[in-house]
Amino acid sequence: MNKVLILGAWQTQFGELWQKSLDDLIREASLKAIKDSGLSKKQIEIVFLGNKLAGNLSGQNHLSALFAQILNMDVPIIRVEAACASGGVAIRQGCLAINSGEYKTALVVGAEKMTDMDLAEVSSGLMTAAGQEEQDSGLSFVGLYALMAKTYLSRFKAKQEDLAYPALKNHFHASLNPKAHFPFQISLRQVMESSLIASPLRMLECSPISDGAAAVVLADPKKFKKRGRKVFISASSQASQSLVLSKRKDLTEIEATQKAACQAYKQAGIKPQELSLLEVHDCFSIAEIMALEDLGLFDKGEGYVRVKNGEVRLGGKRPVNVSGGLKACGHPVGATGVKQVVEIFDQLKQRGGQKQVKDSCLGLTHNVGGTGGTAVVHILQL
Amino acid sequence: MKNPILNWRQQKQKYQLLGKQGRIVSFTKITNPPQGFGLLPYHVAIVDFGKQGKQTGQLVLEGKIPVRGGRVRAVLRIIGRQDSKELINYGVKFKLI
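In the order they appear, the protein sequences are chains S and B.
First residue of the first sequence? That's 1 in the numbering used here, and the numbers climb one at a time after it.
First residue of the second sequence? That's 1001 in the numbering used here, and the numbers climb one at a time after it.
Possibly wrong hints are sitting among the right ones.
Claimed, not checked - Cut-off 27 Å, straight-line C-alpha distance, at most; resulting in silico cross-link-like pairs (BS3-like, lysine-lysine):
hint : chain 1 : residue 1 : chain 2 : residue 2
1    : B       : K1085     : S       : K249
2    : S       : K247      : B       : K1085
3    : B       : K1054     : S       : K259
4    : S       : K157      : B       : K1014
5    : B       : K1064     : S       : K159
6    : S       : K300      : B       : K1054
7    : B       : K1029     : S       : K157
No lab work stands behind these hints, which were simulated from the structure alone.
Can you make the complete structure from the sequences, with help from the hints?
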């Protein structure tokens, strides 16, 4: 893949935003990202919009036309749906559009409005990203990741308490992020005393239901000679595997992540150990531990130890999820993959605020759909 | 409400497991269920049926404690019911043996 230039980016506040509609979130993220890029709205040639639940929760599936109405635009607008990886896949579609030579600029937006409906309706909507046999068994996504966590704990002799550390770290990071859904720290005791949702996963090890949006403006670097610190997407890869867990060989890994990561490292010509920072898909604490192993940072069964010893905390060797991750920054599903790119972009531009990672020059984003049926990896560099 | 035709088509495949024995690959205890699964708590497992492959389903404990590698038999049971006016959804659960 040829490098794609990121001209501008924006993330809205994430959280329970009663005063904001899906339209408001899309409008804010899009217009502020365009403003940040230095372009005008008329210079945007194509739009990709990542969203999963607007049909279920906002009664609107024709999002491309809705977007045209909100932004008063008449260019091609394409809705991208890949469960919780909708945002990441939308970014990849933007990169492919620029690489095709057909478009010089692309706006990629991820947006989700989840808190208007009650928990049962949101949960039912989310479960449409799981297999039929899993839905019929009374599983939720917490239950599905619990099946993976149980296998992981048993195989690698980890304790239930070890699962809490990604949540503790990500809440610490979120405490430095004013746009996070939960900008405060939590203690190990609070995690271990929180309600058991699906054994062994507890409430404070699960990402929340959030509202939010994020957007980036992509461009062909040959056509735009931007001054200052330039950030490029140097790799974009995606892989797939079975929808249901029962058809997988091993419940302690996600093959789609491994394949997407392998392709991304090859495209960018780097090794995982060269990365300055990562934003990974920590929908549940076990998901971050498995992701760090599947992305090749740590050996199998080592992830939980390395998270616990602070290696991936801000100030550590290679910080992971400095935004607060899905766990504490929030998880408006269609926005998450785009928000990850916004965070790494801001970090490489040295505008990460209190959570700035020193000397960051190479970052990775990892976005997962369902229990790993879809995985998308992007590598950003100066 | 689950469409009866859809239910029948899916169950045709599921019923092939009835009476077969398998081993628990992984399981979890659900204490916070999705809509339509009211009787709490319940256990869900992925079970390996050998040549028939692996399948996800609820466990029938009857006083026993599930363990990874434990043996189960596929049995017919009520799966879920949204309210009293709806069809009763029968399906396969896995009974500990």
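A quick look at each hint next to the structure:
| no. | hint | result |
| --- | --- | --- |
| 1 | B:K1085 with S:K249 | 41 Å, violated |
| 2 | S:K247 with B:K1085 | 35 Å, violated |
| 3 | B:K1054 with S:K259 | 24 Å, holds |
| 4 | S:K157 with B:K1014 | 34 Å, violated |
| 5 | B:K1064 with S:K159 | 24 Å, holds |
| 6 | S:K300 with B:K1054 | 24 Å, holds |
| 7 | B:K1029 with S:K157 | 20 Å, holds |
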